[in-house]
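*Asks:* Same order as they appear, the protein sequences are chains A and B. Residues in the first sequence are numbered from 1 upward in steps of one, following full-length UniProt numbering. Residues in the second sequence are numbered from 1 upward in steps of one, following full-length UniProt numbering.
Incorrect hints may appear among the rest.
Copies of the same chain look alike in the list, so a pair counts if it fits in one copy or across any two.
[Said to hold, decoys possible] Capping the alpha-carbon separation at 25 Å, the derived lysine to any residue pairs in SDA-like fashion look like this:
no.: 1; residue 1: 102; residue 2: 369
no.: 2; residue 1: 102; residue 2: 480
no.: 3; residue 1: 525; residue 2: 648
no.: 4; residue 1: 525; residue 2: 493
no.: 5; residue 1: 626; residue 2: 610
no.: 6; residue 1: 102; residue 2: 497
no.: 7; residue 1: 594; residue 2: 568
no.: 8; residue 1: 593; residue 2: 535
no.: 9; residue 1: 594; residue 2: 626
no.: 10; residue 1: 593; residue 2: 510
no.: 11; residue 1: 593; residue 2: 92
no.: 12; residue 1: 525; residue 2: 362
no.: 13; residue 1: 102; residue 2: 307
no.: 14; residue 1: 626; residue 2: 643
no.: 15; residue 1: 102; residue 2: 552
no.: 16; residue 1: 594; residue 2: 643
no.: 17; residue 1: 594; residue 2: 535
no.: 18; residue 1: 102; residue 2: 432
no.: 19; residue 1: 102; residue 2: 308
no.: 20; residue 1: 593; residue 2: 650
no.: 21; residue 1: 593; residue 2: 649
no.: 22; residue 1: 593; residue 2: 645
no.: 23; residue 1: 102; residue 2: 401
no.: 24; residue 1: 525; residue 2: 565
no.: 25; residue 1: 525; residue 2: 508
no.: 26; residue 1: 525; residue 2: 592
no.: 27; residue 1: 525; residue 2: 645
For the record, the hints were derived by calculation from the structure and aren't laboratory data.
Read off the chains here:
Number of protein chains: 2
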Amino acid sequence: MHLSQLARRVLVGKPLHNERAGGTLLRNRAALPVFASDALSSVAYAPDEIVLTLALAGTAAIAVSPWVGVVVLVVLIVLITAYRQNVRAYPSGGADFEIASKNLGRPSGAMVGAALLVDYTLVVAVSMSAAAQYVASAVPWFVGQQVFVALAGIAVVGLLNLRGLQFMGRASTVPTYAFVAVVLLLIAAGLVQHLTGTLDRAPSADYQVLPAARMDAGLVGLAGAVLVLRAFSSGAVAVTGVETITNSVPYFRKPKALNAARTLGYLGALSTALLLGVLYLTRETRAVVVMNADEQLLIDGQRPGEGFFQVPILGQLAQTIAGENSVWFFVLVAVTVGVLFMAANTAFSGFPTLASRLASAALLPRQLQSRGDRFAFTNGIVLLSIVAALFTAIFDANVNSLIQLYVVGAFFAFTLTQAGMVRHWARVRRTRTSKVTTRQLAMRQSVAVVALIFCAAVFLVVLATKLTQGAWLTIVAIALLTLWMRVIGHHYASVDRELEVDPESPVRALPSRVHALIVVTSVRKPVVRALTYARASRPATLEAVLVDTDRARTEDVLRQWQRLEFPVPITVLASPYRDSIGPVISHVRSIRKKSPRDLVIVYLPEYVVGRGWERFLHNQAIRPLKARLHFERGVMIASVPWHLESVRELRLTENQG
Amino acid sequence: MHLSQLARRVLVGKPLHNERAGGTLLRNRAALPVFASDALSSVAYAPDEIVLTLALAGTAAIAVSPWVGVVVLVVLIVLITAYRQNVRAYPSGGADFEIASKNLGRPSGAMVGAALLVDYTLVVAVSMSAAAQYVASAVPWFVGQQVFVALAGIAVVGLLNLRGLQFMGRASTVPTYAFVAVVLLLIAAGLVQHLTGTLDRAPSADYQVLPAARMDAGLVGLAGAVLVLRAFSSGAVAVTGVETITNSVPYFRKPKALNAARTLGYLGALSTALLLGVLYLTRETRAVVVMNADEQLLIDGQRPGEGFFQVPILGQLAQTIAGENSVWFFVLVAVTVGVLFMAANTAFSGFPTLASRLASAALLPRQLQSRGDRFAFTNGIVLLSIVAALFTAIFDANVNSLIQLYVVGAFFAFTLTQAGMVRHWARVRRTRTSKVTTRQLAMRQSVAVVALIFCAAVFLVVLATKLTQGAWLTIVAIALLTLWMRVIGHHYASVDRELEVDPESPVRALPSRVHALIVVTSVRKPVVRALTYARASRPATLEAVLVDTDRARTEDVLRQWQRLEFPVPITVLASPYRDSIGPVISHVRSIRKKSPRDLVIVYLPEYVVGRGWERFLHNQAIRPLKARLHFERGVMIASVPWHLESVRELRLTENQG
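Looking at chain A on its own, in the form it has when it is part of the complex (with noise of 0.2 Å):
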């Protein structure tokens, strides 16, 4: 076995065989773990967003984020009950993107799939990023190095992911449901503590917190108004995730769609008492994070220091409730790394099957296409991991940085999916194909028209407060995905039509004789051999051929030529500025235009090496000449390999190893 094959093995594993490809669909309590554990980890970063947008007016305004918290899950339920149709009406897992394509046609489906595609990428960058954050919060050594953290995350997500999804459906129930299970008796614990009376104030209530410019006045007028809404914006993070359920149909037991349907009802159910619990305690224990300590913070009326870190809302109850060293703290940093990395892992099984969807529809090249030796997309997942690990070292693992960007392309896919199902709807009242009752139809295009409302207006809200702080860089980054795929498209398509073979078409005749060359530099073995192979083949002419460069060995190969008595003519072609390949093609041409029905086929003696550095040392003369034969019409490159020496030691050494 090769050193690489074998660094392969370790990292990635054995191939699995196609009849374990059943192995990998999930059970529903593997599921909801796997493909919700993006929308359920949130919880980690979503409350810092509405507190930190909301301390822009001072503490005081820190108040009304569980009511800004209540509007986002508001959005959050519609988008679930019209998902929850969704999925039935298109149970095949191109969900949104199939959506757009069938119903509003290829060009918007091809801007949703952009749009996802660097939705997918932005997930794994804002979990891995925030995951590093509640790192260097447990772990102080790291604080700093939150970019590092970041990457590394990155990477081993990626390679796990190389390993095939079924590894990572049974690992990854724990770490979810933990998540779940710590926060929910968190926010028991609290609300007992706040019953009771014995509820802290958290360790950051009496930092001192500077209102921005022009903001001194609190949440008041439409200043006041902007800020809400931009915290509203930011805590819509918390919505986002849904979709990766609905692209993963696939991968659900049967019933896929009615699975994926109940799924994403607990998701719904579980966001809402997470994100509401957590924002509520947030209020009540007064825990603040802003977005620029240095500039917005006084503790004890002094700036905060050199290596000052601010604990996540998340961290920072942990440490109310239970202490501030607490075992609980660090189960409850773990827990949540865990399932922001189970968030990155869910867009790394998204990404790469919503790619080899737009692959199979011509719109990405086909290598993404077509799974890997252990039912992983291979291409997709490397290309995933590469363009995430850019987008967090360019934003230094911001988290709030990257939200501005993530928000805005998750809700243009809403949008245009919604009003996508809004003409699904429509058209199937109007053609009647479906069995349920028109009452029952109706309804459903009213969740639709709802949800499609819902979305535009926070797709608006987040593209105005967001513009100008990042979202234009999503804008861009879609509409260019979505033109590179409309050129790929239209290129494949070309292709298409070029291709096709009908039972009459001209590319179906023999064609007349075969003319055969063989390109001689040297009288060795290779050539030798191509002369076998060319003669073996029986063609109506054959030549050999030599490019006269250099006098004396010209004279030198024609004089072992007659010493070997080969049967075969050479011709020497003239070549006044030494160039080796012009008079080649001129003579391959020169046969062409005599009988333009013919085929000609020019051997080409070729080293095969076994060491890489002596690739360096043969074929140099051979590859451009071969690059340029390809692009001469009627002729075919037969290369006729030479294994030296090397190779068959490899050969050995492998088939002892």
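Given the structure of chain A, go ahead and fit chain B onto it with the hints provided.
*Replies:* Quick look at chain B alone, frame taken from chain A:
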């Protein structure tokens, strides 16, 4: 014409016809400036090296410099006398490499070759760094930008050389002759001023030079002696460059050897006049340069400031004799930059010639052997540019540092060559193969012995005084290069033995039968064409194979195969691990196992695209299959190109353009 071709045409020029090869031979009056510019140009930096080394012992020590110069000149004259014999004994232009190989054996030849390659590289780096120094003394704007100036210079020389030697030959007579004329004039004027008592003191004469640690007693004791030896070994750089002429004999007109020997004579006379004149005037004007101005200089009792810049000795002389901002100073700088440019150019003609010769001797990769379409050795020129630029950048275009590396390599080569010549004359005397008298032979051998002693002595001095100052790097580079050459030589030799054909060689046996396989991935025109090409060659068996990586696609292909009624059976190869390559390889092996004397031809339809980005969209699956098939025995790979629309468009544009 392609854009890349167009760019090449503009930068490098039209291809030159073989008939014009004679035109690139040079008359003596053109050969002198081309090949002697290396040696002559050292007047631009050798005096500086002597002065700045002696200055380590304070100003008084500099007075010794003309005497150091005299010793350098003695070495030069001995060497030139010996080399005049060498070129006549070995007129083929292999010179040092050939002499060492033939008389001391192939390993020594490789060592000399390696040393000379390293030296040519350093000539380029030293010359362009020195040129940058002169540019900065005339145009203060460039002070601190010397590295960029030097790198730009290397780029320009490299490009001009890609255009071929002839152009350089004509253009190059001007700067070299101008340099010699201007410096001789300068020396004459200086001597006249000196005799009439009107010679000024140099602008740097009043600088206070602080001696280095433990050197404050001046040139006394062992330390003083060592310093003089160091100064000598730096000044010995003036001797280098001689070897360039002897390596370039083939470029001279007939009688080549005689003309080359004559040119060597002129070179010796000119070098003597220039070097002695400059060193004498340096002493009389008390011009000073030091290694490290910040540490060694006091100007009016102060450390030199930030922008302080040391004008090279030759520039200082022009400033002193003709006036600080006189036209003559700028003329001198211009001609000096010109001659340094020519020196780099000399290396650019020497390096590729030598590399080509080493490649012919199978000590370097073959692609260094061949000439481009303008008679220049394209690959060698590109390689030299890159490595010289690396040296320049690493050593910050510091002439003093680079010279430490340069001199040791040159004298290493000189010593080995002269050792070879001593053996040569001994053999000639023994075998009496020469027409000349015994007396003359004895004379020639003595010259060789004396030169050997001189070279060896200088080499030891250089090695001892410079090893820790960078010369170790040269030694390591030469050793590695030699080692690499031996590996390459060994490889080519073993390949040579392996590939030799004799009339009874079993490789001449024809394969019994031909089995053709067509790898099918879809039923499209490219596959149909591959099918017709395969059928046209009438193999014994013909079979299409389809790897079943995706059930649905497989069935689709089989359906179409039947519909189009191809007269070729199709075999479906199972691939439970979704590997598209392995099953093909196994199938090929099973055919080979059944009939080991037969030939298997694998037909691969390949897409040829006209635009670079399209390449990413096609053939992704074919490439790895092709690579793997090359390692199979008894298999020939036939690629059947299919030109997509974009190729036809490309062809149309080309025909119109």
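*Asks:* It remains to establish, for every hint, whether it holds in the given structure.
*Replies:* The hints, checked one at a time:
1. 102 - 369: within (20 Å within a copy, 62 Å between copies)
2. 102 - 480: Classified as within: same-chain Cα gap 22 Å, cross-chain 65 Å, threshold 25 Å.
3. 525 - 648: within (16 Å within a copy, 38 Å between copies)
4. 525 - 493: For residue 525 and residue 493, only the inter-copy Cα distance (15 Å) is at most 25 Å; the intra-copy one is 46 Å.
5. 626 - 610: Both: 21 Å inside a chain and 16 Å across chains, each within 25 Å.
6. 102 - 497: within (22 Å within a copy, 67 Å between copies)
7. 594 - 568: within (21 Å within a copy, 30 Å between copies)
8. 593 - 535: The answer is both: 24 Å in one copy and 22 Å across copies each meet 25 Å.
9. 594 - 626: Within one copy, since 23 Å is at most 25 Å while 32 Å is not.
10. 593 - 510: Only inside one copy: residue 593 and residue 510 sit 18 Å apart there, 31 Å across copies, limit 25 Å.
11. 593 - 92: neither (54 Å within a copy, 45 Å between copies)
12. 525 - 362: Answer is between; shortest inter-copy Cα gap is 18 Å, intra-copy 46 Å.
13. 102 - 307: neither (54 Å within a copy, 71 Å between copies)
14. 626 - 643: Result: close both inside a copy and across copies, 19 Å intra and 15 Å inter.
15. 102 - 552: between (70 Å within a copy, 22 Å between copies)
16. 594 - 643: between (36 Å within a copy, 21 Å between copies)
17. 594 - 535: This pair counts as both: shortest intra-copy Cα distance 22 Å, inter-copy 22 Å.
18. 102 - 432: Answer is within; shortest intra-copy Cα gap is 17 Å, inter-copy 96 Å.
19. 102 - 308: neither (52 Å within a copy, 74 Å between copies)
20. 593 - 650: Classified as between; 20 Å across copies, 45 Å inside a copy.
21. 593 - 649: This pair counts as between: shortest inter-copy Cα distance 20 Å, intra-copy 46 Å.
22. 593 - 645: For residue 593 and residue 645, only the inter-copy Cα distance (22 Å) is at most 25 Å; the intra-copy one is 41 Å.
23. 102 - 401: Result: close neither inside a copy nor across copies, 34 Å intra and 71 Å inter.
24. 525 - 565: within (14 Å within a copy, 41 Å between copies)
25. 525 - 508: between (36 Å within a copy, 8 Å between copies)
26. 525 - 592: between (29 Å within a copy, 21 Å between copies)
27. 525 - 645: Only inside one copy: residue 525 and residue 645 sit 13 Å apart there, 39 Å across copies, limit 25 Å.
The structure is inconsistent with the numbered hints 11, 13, 19, 23, although it conforms to all the rest.
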